[in-house]
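J.: These protein sequence lines are chains A and B, in that order.
The first sequence: position 336 = 492 (our numbering), numbered continuously.
The second sequence: position 48 = 204 (our numbering), numbered continuously.
If you're looking for bench data, these hints aren't it; they were derived computationally from the structure.
Careful, some of the hints might be misleading.
Identical copies go unnamed one by one, so any copy, or any two together, can satisfy a pair.
[Claimed, not checked] Result set (EDC-like, lysine to aspartate or glutamate): computed pairs, CA atoms no more than 20 Å apart in a straight line:
| hint | residue 1 | residue 2 |
| --- | --- | --- |
| 1 | Lys225 | Glu257 |
| 2 | Lys213 | Glu172 |
| 3 | Lys225 | Asp161 |
| 4 | Lys653 | Glu479 |
| 5 | Lys213 | Glu201 |
| 6 | Lys167 | Glu201 |
| 7 | Lys194 | Glu177 |
Protein chains: 2
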Amino acid sequence: MQHEDWLNELKERGREIYLLEHTAALLGWDQETCLPEKAVEERSEQLALLEGLAHEKLAHPRVTELLEKLGATLETPKGTVPLTDVDAGYVRHFFRRHRREVCFPEDLVREFARRTSIAQSVWARARKSNDFALFAPELKKIVALIKERARLLKVGTHPYDALIDTYEPGMTKAELDRIFIPLKKELTALVAQIKTRPQPQTDFFNAEYPLEDQRKLGNLILARLGYPQDRGRLDVSAHPFTTTLGADDVRITTRYGEPNPFNSFFSTVHEAGHGLYELGFGDAVRGNLLADGTSLGIHESQSRSWENLIARSRPFWHGFYGEVQKLFPGILGEVPEETFYQAINRVSPSFIRVDADEVTYSLHVILRYELETALMEGTLEVEDLPRVWDDKMEQFLGIRPDKLSLGVLQDVHWSAGLFGYFPTYALGNLYGAQLFRAARRDLPGLMDDVEAGRFAPFLDWLRRSIHQYGSTYTAGELLQSITGEPLNPGYFTSYLKEKYQDIYGGESFGG
Amino acid sequence: MQHEDWLNELKERGREIYLLEHTAALLGWDQETCLPEKAVEERSEQLALLEGLAHEKLAHPRVTELLEKLGATLETPKGTVPLTDVDAGYVRHFFRRHRREVCFPEDLVREFARRTSIAQSVWARARKSNDFALFAPELKKIVALIKERARLLKVGTHPYDALIDTYEPGMTKAELDRIFIPLKKELTALVAQIKTRPQPQTDFFNAEYPLEDQRKLGNLILARLGYPQDRGRLDVSAHPFTTTLGADDVRITTRYGEPNPFNSFFSTVHEAGHGLYELGFGDAVRGNLLADGTSLGIHESQSRSWENLIARSRPFWHGFYGEVQKLFPGILGEVPEETFYQAINRVSPSFIRVDADEVTYSLHVILRYELETALMEGTLEVEDLPRVWDDKMEQFLGIRPDKLSLGVLQDVHWSAGLFGYFPTYALGNLYGAQLFRAARRDLPGLMDDVEAGRFAPFLDWLRRSIHQYGSTYTAGELLQSITGEPLNPGYFTSYLKEKYQDIYGGESFGG
Numbered sequence: 157m158q159h160e161d162w163l164n165e166l167k168e169r170g171r172e173i174y175l176l177e178h179t180a181a182l183l184g185w186d187q188e189t190c191l192p193e194k195a196v197e198e199r200s201e202q203l204a205l206l207e208g209l210a211h212e213k214l215a216h217p218r219v220t221e222l223l224e225k226l227g228a229t230l231e232t233p234k235g236t237v238p239l240t241d242v243d244a245g246y247v248r249h250f251f252r253r254h255r256r257e258v259c260f261p262e263d264l265v266r267e268f269a270r271r272t273s274i275a276q277s278v279w280a281r282a283r284k285s286n287d288f289a290l291f292a293p294e295l296k297k298i299v300a301l302i303k304e305r306a307r308l309l310k311v312g313t314h315p316y317d318a319l320i321d322t323y324e325p326g327m328t329k330a331e332l333d334r335i336f337i338p339l340k341k342e343l344t345a346l347v348a349q350i351k352t353r354p355q356p357q358t359d360f361f362n363a364e365y366p367l368e369d370q371r372k373l374g375n376l377i378l379a380r381l382g383y384p385q386d387r388g389r390l391d392v393s394a395h396p397f398t399t400t401l402g403a404d405d406v407r408i409t410t411r412y413g414e415p416n417p418f419n420s421f422f423s424t425v426h427e428a429g430h431g432l433y434e435l436g437f438g439d440a441v442r443g444n445l446l447a448d449g450t451s452l453g454i455h456e457s458q459s460r461s462w463e464n465l466i467a468r469s470r471p472f473w474h475g476f477y478g479e480v481q482k483l484f485p486g487i488l489g490e491v492p493e494e495t496f497y498q499a500i501n502r503v504s505p506s507f508i509r510v511d512a513d514e515v516t517y518s519l520h521v522i523l524r525y526e527l528e529t530a531l532m533e534g535t536l537e538v539e540d541l542p543r544v545w546d547d548k549m550e551q552f553l554g555i556r557p558d559k560l561s562l563g564v565l566q567d568v569h570w571s572a573g574l575f576g577y578f579p580t581y582a583l584g585n586l587y588g589a590q591l592f593r594a595a596r597r598d599l600p601g602l603m604d605d606v607e608a609g610r611f612a613p614f615l616d617w618l619r620r621s622i623h624q625y626g627s628t629y630t631a632g633e634l635l636q637s638i639t640g641e642p643l644n645p646g647y648f649t650s651y652l653k654e655k656y657q658d659i660y661g662g663e664s665f666g667g
Numbered sequence: 157m158q159h160e161d162w163l164n165e166l167k168e169r170g171r172e173i174y175l176l177e178h179t180a181a182l183l184g185w186d187q188e189t190c191l192p193e194k195a196v197e198e199r200s201e202q203l204a205l206l207e208g209l210a211h212e213k214l215a216h217p218r219v220t221e222l223l224e225k226l227g228a229t230l231e232t233p234k235g236t237v238p239l240t241d242v243d244a245g246y247v248r249h250f251f252r253r254h255r256r257e258v259c260f261p262e263d264l265v266r267e268f269a270r271r272t273s274i275a276q277s278v279w280a281r282a283r284k285s286n287d288f289a290l291f292a293p294e295l296k297k298i299v300a301l302i303k304e305r306a307r308l309l310k311v312g313t314h315p316y317d318a319l320i321d322t323y324e325p326g327m328t329k330a331e332l333d334r335i336f337i338p339l340k341k342e343l344t345a346l347v348a349q350i351k352t353r354p355q356p357q358t359d360f361f362n363a364e365y366p367l368e369d370q371r372k373l374g375n376l377i378l379a380r381l382g383y384p385q386d387r388g389r390l391d392v393s394a395h396p397f398t399t400t401l402g403a404d405d406v407r408i409t410t411r412y413g414e415p416n417p418f419n420s421f422f423s424t425v426h427e428a429g430h431g432l433y434e435l436g437f438g439d440a441v442r443g444n445l446l447a448d449g450t451s452l453g454i455h456e457s458q459s460r461s462w463e464n465l466i467a468r469s470r471p472f473w474h475g476f477y478g479e480v481q482k483l484f485p486g487i488l489g490e491v492p493e494e495t496f497y498q499a500i501n502r503v504s505p506s507f508i509r510v511d512a513d514e515v516t517y518s519l520h521v522i523l524r525y526e527l528e529t530a531l532m533e534g535t536l537e538v539e540d541l542p543r544v545w546d547d548k549m550e551q552f553l554g555i556r557p558d559k560l561s562l563g564v565l566q567d568v569h570w571s572a573g574l575f576g577y578f579p580t581y582a583l584g585n586l587y588g589a590q591l592f593r594a595a596r597r598d599l600p601g602l603m604d605d606v607e608a609g610r611f612a613p614f615l616d617w618l619r620r621s622i623h624q625y626g627s628t629y630t631a632g633e634l635l636q637s638i639t640g641e642p643l644n645p646g647y648f649t650s651y652l653k654e655k656y657q658d659i660y661g662g663e664s665f666g667g
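For reference, chain A alone in the conformation it holds in the complex (with noise of 0.2 Å):
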């Protein structure tokens, strides 16, 4: 049949992409974890050829040809050709990236990468120096960049759409403000009444925690949890991340040394969520384009599962305390499980977002959110943003920022062009919260298990329901079809209630 000739040509050519891409991957972790000082410059040139390498394939004409034969749109998952869900799915996400690829025209993509290029090095001195003056006429320059862009993706109704979508597919403005609106009431409310109870006690966390120890502790965690020593590995970096160089070939890293020898711990456990999303993708999926997170909030929901709603549990740490004592016994000995435990949950309104933790965290991203939904309106302009961006950081955690490096200045995505991903961030932690509830509806003994250092089952019931699919489906479908409803902010709020309560005590949290 002519179709399944048009399908395997278009496989043939992703399978390139797919090598390519993992190259290139290559170089940016070398780049992070290797790289000599002076050969920086030269990298970012390999790196160009290989992303114009993967560009051409996935601009080229004959994909454009085989993708319309086939039948590609973006909303329906099946075109005019009788294809598997699994074909169907890898159509689409074809035409998806493709049509990135080509709908911008050359000038405006060199434009772009230039003056990105421009404004993160001018939005680095300006964080350095406090000068958001500095930085203003860069960002405004992207802004009205962004917004062409938005204009030529031609995605939804709202310029926001396009931008949201391009990281977590199928996902709308609208969509956002029926999440994010509820959810910030919630929340606020949440963080004003935990401010009035007494704080957990962490002043144990200020001792000498030996490096070599730390080191321990990431690897026997990571071990514990099943990430495959033959198909990955641990490394260390000045900013953790994770990265696929291949099907059998995913690595993390972190940092040690830092104040909270635990910070460390939990960002190992959090590239460890993405990691063993990656290295579960199945058969039908492996090898090819589809063999990636369907978003970036989905695999979000991975990492902060295993970060937050397993290795931030009671359960948990029940199972896992003692040995970190035995790791640790001048400093922990003493210490004992339960004030640990709240040490580890402490909940405290602080204004830079990556330090956050998971109660205030979303608070941080939907302030964001709005900024940048905003500006796409026009309803604020950039040299409001200082302003406007302390004013909700009152309003919403009750603190204000005495220099802009801990307010707007703080985060690298606008003077990269990244608008629309902050929101992904926060919908990790909503959809993982939904999971989560339906995982334990099919592992009653889930709890259990996580006390016991089983992980193996939680880690099962994510490739059977998550994982395997790659980029079959996108997020809503998932949800909807794990958890039989769609995104439910409920089911995160009433966690955090629940987990809060627990710890913090006194009366019950309204809202």
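Keeping the supplied structure of chain A fixed, place chain B upon it in accordance with the hints.
T.: For chain B alone, kept in the frame of chain A given last:
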């Protein structure tokens, strides 16, 4: 001027090849140092894809056209258009590489890749079971393919000319015979004489040298030699190697924990010699295809000069031994400097080429050279290789291997289709000695510097005389201009006689 446009276009195309090759080199480096076990198969596909892309760019019809317009030939460095020395070298080098990509039909390339891949795995099994009959049919096919390649390469008059020219541009079988025939005679005589003398004591090598201190020693000598930390790395791999991943990214590897801890030390110095060559390219060749060793022989002259002429010299150890004693006080504290110096220079006929000392090493190479040329001429059949190998071993070194893994099955080269490669190892020794004589002529205080741990003057001399030019000039051209004469093996043999006379004492070595 039009030829400048052609040249610029050629250089732009060359730059992409240069970047692709460094990217492929990273895939290779990572495979030997970091790659998770299960990721090997996809890695070989990534490598094949990149090699295919580099081939496409090297063999591109537009490249053929540009090279023709620029009057490129192998023989004359300057074509029909006026070019500077460096540009003429660039065109010649590009032509040489282009020709190798276009002179083989596609099906021969595929057959060669398939056959060598099979042969390498069969060879590994055959070596393990000492079964030449298993390997012989595969080797026969490879010899036939090599003959076909030599025919298509159309270089020189003897079929071996095309093979050696691949690794040592401009070298011929006639020239190798001129060098190797007297060299063989001199070396066999020297080995026979040394055999009659008492051997240095080496028992202190059989002790526990802590791994951490071996590592310290490697890093110490690397820093002392001036290997720039911000332009390279030292890592661990199963077999030591040097690889260039960028103009400012040249990585070497070593292995620790062998029976003799100084193997790792000398292998680190050896690889550093290769690395310093690759890091010494001048501005005119930096970042383009000329930024490459001009021949494997010259490359090997760099590694062997640092390893043998410098780091196995008496002045070197007179200056350095105290530091090594301090690192291993329990083992070397009571071992006198002279005892140590003699031990690391012990000459002892043995079966394995890669473990051979500097006197016997070249005989291992000449043995292989004689077998390769006989195979090409058809005066030796593959079946007869084991017997002829063992006979020659007995003639050259006076020893006869009792199993094939110590004889004809020890090297991977033939199964990989690398015919014409071995001679470059011996040429490295000869070039090294002749160039070193010139260095001592130009730097009268050279050995005093070595004793004082000052290696910069010699490195500067190498940069000035050799490194800066990359592949602009052939080995023969370099040798003529630096030393004022063509290759003369007498420098190497007189160096050996003088050094080992001094170590072994007794009657003066004749020959």
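J.: Taking the hints in turn, state whether each one holds.
T.: Checked hints:
In this homomeric assembly, lysine 225 and glutamate 257 come within 20 Å of each other (Cα to Cα) only inside a single copy, at 19 Å, whereas the closest approach across copies is 36 Å. Taking the shortest Cα distances, lysine 213 and glutamate 172 sit within 20 Å of each other both inside one copy (8 Å) and across copies (17 Å). In the homo-oligomer, the alpha carbons of lysine 225 and aspartate 161 lie at most 20 Å apart inside one protomer (11 Å), although the nearest pairing across protomers, at 42 Å, exceeds that limit. Taking CA atoms no more than 20 Å apart as the test, lysine 653 paired with glutamate 479 passes in neither setting, with 29 Å inside one copy and 65 Å between copies.
Within a single copy, lysine 213 and glutamate 201 get their C-alpha atoms as close as 18 Å, and across copies as close as 17 Å, so both meet the 20 Å cut-off. In the homo-oligomer, the alpha carbons of lysine 167 and glutamate 201 lie at most 20 Å apart only across protomers (15 Å), although the nearest pairing inside one protomer, at 28 Å, exceeds that limit. Proximity of lysine 194 to glutamate 177 under the C-alpha cut-off of 20 Å is restricted to the inter-copy arrangement: shortest distance 19 Å between copies versus 24 Å within a copy.
The structure shown violates just one earlier hint, number 4.
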